[in-house]
Amino acid sequence: ELKVEQNPLFLSMQEGKNYTIYCNYSTTSDRLYWYRQDPGKSLESLFVLLSNGAVKQEGRLMASLDTKARLSTLHITAAVHDLSATYFCAVANSGTYKYIFGTGTRLKVLA
Amino acid sequence: NAGVTQTPKFRVLKTGQSMTLLCAQDMNHEYMYWYRQDPGMGLRLIHYSVGEGTTAKGEVPEGYNVSRLKKQNFLLGLESAAPSQTSVYFCASSPWGLTNTEAFFGQGTRLTVV
Chain A
1 ELKVEQNPLF LSMQEGKNYT IYCNYSTTSD RLYWYRQDPG KSLESLFVLL SNGAVKQEGR
61 LMASLDTKAR LSTLHITAAV HDLSATYFCA VANSGTYKYI FGTGTRLKVL A
Chain B
112 NAGVTQTPKF RVLKTGQSMT LLCAQDMNHE YMYWYRQDPG MGLRLIHYSV GEGTTAKGEV
172 PEGYNVSRLK KQNFLLGLES AAPSQTSVYF CASSPWGLTN TEAFFGQGTR LTVV
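Chains as they are written, first to last, in my numbering: chain A, 1 to 111; chain B, 112 to 225.
If we strip away everything but chain A, and leave its shape as in the complex, we get (with noise of 0.2 angstroms):
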């Protein structure tokens, strides 16, 4: 059964700072996404990786694949206030066509 585990699961940092959101899965996948949540709202898709050694980045925000270690990161530089939210890494795999979320990792910047 796929099991998929985030850390940490809150994250407070001050603006300017660096960290990384780690994303685990206990299975083959062959496909992972993150997500951005904000308080009261719907999901936000923002990176979908489909091989080993997929990068993408966008603004302040950089997503790698690792398919052999079963691991993902989200890689926040120079963190400003805006970036607050939760983020959410999901792992499919084109047999079950389930999408399968980790906990999240509510992150807070701080001025």
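If you're looking for bench data, these hints aren't it; they were derived computationally from the structure.
Any given hint might turn out to be false.
The calculated label-pair distances, taken between Cβ atoms and stated as ranges, are [claimed, not checked]:
1. B:Gln183 / A:Ala78: 17 to 27 angstroms
2. A:Ser26 / B:Pro194: 29 to 39 angstroms
3. B:Pro194 / A:Gln14: 32 to 42 angstroms
4. A:Ala54 / B:Thr126: 43 to 53 angstroms
5. A:Lys56 / B:Ser178: 35 to 45 angstroms
6. B:Gly188 / A:Leu2: 31 to 41 angstroms
7. B:Thr165 / A:Leu2: 13 to 23 angstroms
8. B:Glu163 / A:Glu1: 42 to 52 angstroms
9. A:Glu1 / B:Thr165: 17 to 27 angstroms
10. A:Ser94 / B:Gly188: 26 to 36 angstroms
Chain A residues, not near chain B, derived (Cβ > 12 angstroms throughout) [as the list claims (entries may be wrong)]:
11. Leu2
12. Lys3
13. Gln14
14. Lys17
15. Tyr19
16. Thr20
17. Val55
18. Arg60
19. Thr67
20. Leu71
21. His75
22. Thr77
23. Tyr97
24. Gly104
25. Lys108
Virtual Cβ for every residue (Gly too), placed ideally from N, Cα, C.
Given the coordinates of chain A, assemble chain B onto it according to the supplied hints.
Below, chain B alone, put in the same frame as chain A:
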């Protein structure tokens, strides 16, 4: 662009009552999903559908039923609501193409069972 629309947005039920949540998508996606979101537990998959007329169980299907009579609609039913079903429910749809595979989410339904 409507995308994925959930009805209703908010609902309060008494224990034992029944209700149906409606999810409608206008993107012609084959795959649709129902999740519940609870604090500290992320999103958990309740049921999903890989096409019109099909449904399958997810991680936490107990107490829920679903139907996909039309491709664009996915209904989630609670036959006898319990306080443990208080949650925020999200519907999602996906094309599951070769490269276009992300799931698109509705705005959520906040359900309280008292």
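> Which hint numbers doesn't this structure obey?
Replying inline: 1, 6, 8, 11, 12, 23 and 24
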